[in-house]
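J.: Sequence:
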Amino acid sequence: MAKSQKQYERFYYMPLTQSPSHKDSVFDVMLGCVQEPDRDWDSILRGLKRAKSGNYSTIVYPANSIFRDDLQQIIDETRNQGFAVVVEVNSLSMHLNWSLVEEKLLGKDLIINILLENYQLKDRELVDKLKAGSADYYYTLLGRQDLNFKKILEALGEEEWKKLYWYFPYSFDVDDPYLTVEEIYRLMSRILKEFPRLKFQAPRGIDIWDPRVDPAMDLESLVQVFYSTSFGSAEKEVSVVIPTYNNRDYVVNTVRHLFQQDLDKEKFEVIVVDDGSDDGSQEALINFAENFKEKVNFKYIFYPRHKSRAMGDSQYRAGVSRNLGVKHAEGNILSFLDSDILTPKNFLSHLIEKHKSYDLVQCRRPHLKREVSSLETNYDDIVIGKDTFVPEGGYWEKFYDMADASGWMNLDNCWKYVCTHTLSLKRQLFKDLGWFRKNYIFYGFEDTDLGLRAYRSGCSLHLSECEVYHLFHKNERSEFQNSSFARHLLLQKTARVFFHNWLDPDIFVLFEGMLRDELSLKRMVRKIQGFFGVKKKPKARNRV
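Residue numbers for the sequence shown follow our numbering, so the first one is 628 and each next one is one higher.
Some clues are possibly wrong.
Unchecked claim - List time: in silico DSSO-like cross-link candidates among lysine-lysine, alpha-carbon distance up to 30 Å:
1. LYS676 x LYS735
2. LYS633 x LYS679
3. LYS1043 x LYS981
4. LYS1053 x LYS972
5. LYS1058 x LYS972
6. LYS920 x LYS1053
7. LYS778 x LYS749
8. LYS983 x LYS863
Claimed, not checked - Beta-carbon label-pair distances, calculated as ranges:
9. ASN1102 x GLU1139: 26 to 36 Å
10. ARG813 x SER1087: 33 to 43 Å
11. PRO931 x ASN745: 36 to 46 Å
12. PHE886 x ASP669: 40 to 50 Å
13. GLN708 x LEU733: 15 to 25 Å
14. ASP665 x GLY1020: 47 to 57 Å
15. GLU862 x LEU733: 47 to 57 Å
16. GLU998 x ASP665: 54 to 64 Å
17. LEU727 x LYS758: 12 to 22 Å
18. LEU1002 x ASN1109: 17 to 27 Å
19. TYR635 x PHE1016: 31 to 41 Å
20. ARG673 x ASP763: 20 to 30 Å
21. ASN1040 x GLN772: 22 to 32 Å
Calculated directly from the structure, the hints in this document are not laboratory data. In this text, all values refer to a predicted model and were calculated from it rather than measured experimentally. We put the CB at the ideal spot given by N, CA and C, even for glycine.
Let the hints inform the model, and build the full structure from the sequences given.
T.: Written out as structure tokens, the structure is:
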């Protein structure tokens, strides 16, 4: 096991007001400020409560917060609840509202995030005053097509690069000023040739705001347990966390197999987070669990939706559903399990033994054929080969063979195989690694992201010899309708989110097939058309 792991920062971004002046700053708009109305005191307290539930260390208030008359009261309450405080300051605030900045922020023992939409030597005097009047500071540079990054880096100076974080908003329109993933990669390559000691750092502590997120979508939930049964008073060794959506029969079968574990029933709990199902999952699970009342530890959490969803859309919440389950977990070990997985009777006792030696443990997952996948399917009745098949071009089988031959940790980019179909790790380690990110609102990569954090923190990864069975995805239940092409299109979206979260050129090279896009080519065509005087047709802008 790793001797020490890096603890990832986890900042909670909380807009406070819709002061008109913030609309002049593209930076604040792209960070999501315009999504929020002016918060009253109760709303602020609810925000702090959400942050507390997710183990955030720091609250970030955006630049327009200086227009709140009660900002000091808000800061005092934030600190009283145990949070550090970051307040952002943009160039507009510095030049147009310096007296407010000076009054509200300087000398208040705050961390200042200096937002750079541009930076010139003439800004240095005000920036130096910000630095001198804060407890700590860092920079976040907005990446746009029209910025001269060389001049900005030279004006900052090499010593300040250590405190520089880069924020590239998502680019969805050929006419917007932001860079596509491919353009970001090319820019990074050029900059690193000229400034080889520069290290690109993604925005500090926050999940990048995505304009495709529905403003009403709850991503840091305070939902409580809807139904539970309990057994015994022993300390729980394992919490099994299962997110599910409209998968009634399979999830009941998954839970049934867990209730048959050979581990003492006092020592584990099963937590199902129902991600807004409307197929009768709630009634089926509760009716089933009633048969085991006072014999098992079981929690059912219903995570409501404000509107229905279609598979493959931008309301995917598997990662944040797992986070919600963790908030109610008591076990020392977290076992993340999909809602269509059948486990052997020694599954949990096996995990406990493995975690004496390894940080992250993952099981092998043969896929069951359609005709043997149902509520009645029993693990002990499965015949490998006769009842199983190899999907996805054998991706996972190739991984198993390579890991058997060389060891998982010795594989190139070993972290990319981390998958939550059956992933377990210590509860405290999961929190230290920063939970699942909230900005994976399409299928895929939220577990890859956690895997990369684990690997870079020095965690040991282990592929267990234990086999679980994956029930066949019904087309209507599959995020990609069992189509490899549709799956690739979905993964293209989340691969871009993954790159934005890390800003690592090696990630672009590794996933280049998913990260290349058409916008760069369209922009090149647009420039050529402009050179020859060809005018574009007017077009309504829709950023989402």
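J.: Against each hint, give a clear statement of whether it holds in the structure.
T.: Hint check results:
1. For the hint pairing LYS676 with LYS735, the CA-to-CA distance comes to about 23 Å; that is within 30 Å, so the pair holds.
2. Restraint check: the Cα-Cα separation between LYS633 and LYS679 comes to about 21 Å, which is no more than 30 Å; the hinted pair holds.
3. Taking the CA atoms of LYS1043 and LYS981, the gap is near 21 Å; set against the 30 Å cutoff, the hint holds.
4. Among the hinted pairs, LYS1053 with LYS972 is consistent with the structure: their alpha-carbon atoms are about 21 Å apart, no more than 30 Å.
5. The suggested pairing of LYS1058 with LYS972 holds, with an alpha-carbon distance near 28 Å, which does not exceed 30 Å.
6. For the given pair, LYS920 sits about 27 Å from LYS1053 by alpha-carbon distance, which is consistent with the 30 Å threshold.
7. About 12 Å separates the Cα atoms of LYS778 and LYS749, which keeps this hinted pair within 30 Å; it holds.
8. Between LYS983 and LYS863, the direct Cα distance comes to roughly 16 Å. Compliance with the 30 Å bound is thereby established for this hinted pair.
9. At about 30 Å, the CB distance of ASN1102 to GLU1139 agrees with the hint of 26 to 36 Å.
10. Range check, ARG813 to SER1087: Cβ separation about 36 Å, and the 33 to 43 Å hint holds.
11. In this structure the supplied range 36 to 46 Å holds for PRO931 paired with ASN745, their Cβ-Cβ distance being about 43 Å.
12. Distance hint for PHE886 and ASP669: a CB-CB separation of about 41 Å, consistent with the stated range 40 to 50 Å.
13. A beta carbon spacing of about 23 Å between GLN708 and LEU733 agrees with the range 15 to 25 Å that was offered as a hint.
14. The hinted window of 47 to 57 Å between ASP665 and GLY1020 holds, with their beta carbons roughly 53 Å apart.
15. The hinted window of 47 to 57 Å between GLU862 and LEU733 holds, with their beta carbons roughly 49 Å apart.
16. For GLU998 paired with ASP665, a C-beta distance near 58 Å keeps the hint of 54 to 64 Å intact.
17. For LEU727 and LYS758, the Cβ-Cβ distance of about 18 Å falls inside the hinted range of 12 to 22 Å, so the restraint holds.
18. The hinted range of 17 to 27 Å is satisfied by LEU1002 and ASN1109, whose Cβ atoms lie roughly 20 Å apart.
19. Checked against the hint of 31 to 41 Å, the pair TYR635 and PHE1016 passes, with Cβ atoms roughly 38 Å apart.
20. The beta-carbon spacing between ARG673 and ASP763, approximately 28 Å, falls within the hinted interval of 20 to 30 Å.
21. For the pair ASN1040 and GLN772, the supplied restraint of 22 to 32 Å holds, since their beta-carbon distance comes to about 30 Å.
Violated hints for the displayed structure: none, as all numbered hints are satisfied.
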